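Engineer: Counting in the UniProt record's numbering, the sequence shown runs from 1 upward without gaps.
Note that these hints are calculated values from the structure, not bench results. Owing to the predicted nature of the structure, the values given are computational and were not obtained by experimental measurement. Just so you know, even glycine gets a beta-carbon here, dropped at the ideal spot from N, CA and C. Hints may contain errors.
Label pairs and their in silico Cβ distance ranges [as the list claims (entries may be wrong)]:
#  : residue 1 : residue 2 : range
1  : 176       : 236       : 22 to 32 Å
2  : 140       : 259       : 28 to 38 Å
3  : 139       : 229       : 33 to 43 Å
4  : 350       : 141       : 43 to 53 Å
5  : 119       : 395       : 50 to 60 Å
6  : 236       : 99        : 40 to 50 Å
7  : 16        : 198       : 48 to 58 Å
8  : 346       : 221       : 19 to 29 Å
9  : 28        : 316       : 20 to 30 Å
10 : 316       : 220       : 11 to 21 Å
11 : 372       : 90        : 25 to 35 Å
12 : 16        : 258       : 51 to 61 Å
13 : 119       : 171       : 25 to 35 Å
14 : 100       : 45        : 39 to 49 Å
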Amino acid sequence: MERYEAGNGTSGRGTNFRVVVAPDSFKGSLSSVDAAEAIRSGIRRAVPDAEVVIVPMADGGEGTVDAVLAAAGGERIEAEVTGPLGEPVRAAYGLLPDGRTAVIEMAAASGLPLVGTNERDPLRATTYGTGQLIRDALDRGVQRILIGLGGSATNDGGMGMAQALGVRFADAEGRELAAGRGCGGELERIASIDASGLDPRFAAAEVTVLSDVTNPLCGPDGASPVYGPQKGATPEMVERLDRGLAHYAERIAALNGRQVAEVPGAGAAGGLGAGLLAFGRTEMQSGIRVVMELAGFGRAAEGAALVITGEGRTDGQTAFGKVPAGIAEAAGVHGVPVVCLSGGLGDGAEALYDRGIAALFSIANRPMTLDEAMGDAAALLAEAAENIVRLYRAGLGARAGG
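The task is simple: from the sequences and hints, build the whole structure.
Structural biologist: Here it is as structure tokens:
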């Protein structure tokens, strides 16, 4: 894969025509790397000698580890950990070239895709495996942890994660709660928290949460009412989980004075954001901004003729912290137009025009089912990219001849 190197910035025709390709993954179909390769093939069909710079992107959700490793280099590490419902799973994270920074997707260990549709149960699901991934990274000498919070199956406030790192939760009789399986259903039973056994390496590490979610931990806009239903929560379960998270926040405040209930983003990943804030040296950041910085997108965009980004589905939510919006903002600093290719355009997608996107295109070129579109995504992306570049070049020619 071609990576950006400073000093290569050119634009125009022939060998001076440079396009930066920076898509998100197309969920369930293509990784960001595969999507970028497909787009590059289409560009090269239109302009065989074009300089195409690939910068795979992610916003902290699915594909973040792959995108960062593709852009920045590093090693992919696998570990066997506890899955959302207690089953063993193989999960991977990234170790960056500096040897001190790990990139973790909580969904790799505690994600919704690991749970069958009929097995979803946020009262039982745990983030213990995410804590095990963190511990594995600490064992390798990591001092900085970037953790993406998208796609969780859990609603345990990070209780399981904290247990894996040495925190003990007890009921009113002093009995340890759900050792190794802290879950949403246990939250309201917490009477005390003992953090004396917290792994000191985690306590000292620099933790950065990558997320575009701004929901608080509990309340009408909290983790349980907003995201619980997609994880299998009934209305009754939502009420119980929300009560549990509110009680959990009170116990955290009693332990160390940290007020996590109302912090924007604390409700991310079923409250894992709150757990990381409660027990670590944690800051919340926009996932896309951190990934762009690691990948050097700003330098790559400088002097480019065009940027092509994309994602599986584009709607009004895309304007808030998703990859196309972040790419448009960063490319706009350099005056480079951005085109977004999407698997489907939903309500409110036009809001991206106000965020700097020059044009939006659905890659579907004929009536087709979702399965057909996902199966043909690479070919559809290549065709759309080819047509966009041909149109762009025709426009340059018209201006030159005018």
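Engineer: State for each hint whether it applies.
Structural biologist: Quick rundown of the hints versus the structure:
no.: 1; hint: 176 <-> 236: 22 to 32 Å; in the structure: holds, 27 Å
no.: 2; hint: 140 <-> 259: 28 to 38 Å; in the structure: holds, 33 Å
no.: 3; hint: 139 <-> 229: 33 to 43 Å; in the structure: holds, 37 Å
no.: 4; hint: 350 <-> 141: 43 to 53 Å; in the structure: holds, 48 Å
no.: 5; hint: 119 <-> 395: 50 to 60 Å; in the structure: holds, 52 Å
no.: 6; hint: 236 <-> 99: 40 to 50 Å; in the structure: holds, 48 Å
no.: 7; hint: 16 <-> 198: 48 to 58 Å; in the structure: holds, 56 Å
no.: 8; hint: 346 <-> 221: 19 to 29 Å; in the structure: holds, 21 Å
no.: 9; hint: 28 <-> 316: 20 to 30 Å; in the structure: holds, 21 Å
no.: 10; hint: 316 <-> 220: 11 to 21 Å; in the structure: holds, 20 Å
no.: 11; hint: 372 <-> 90: 25 to 35 Å; in the structure: holds, 31 Å
no.: 12; hint: 16 <-> 258: 51 to 61 Å; in the structure: holds, 54 Å
no.: 13; hint: 119 <-> 171: 25 to 35 Å; in the structure: holds, 27 Å
no.: 14; hint: 100 <-> 45: 39 to 49 Å; in the structure: holds, 42 Å
Checked against the numbered hints above, the structure violates none of them.
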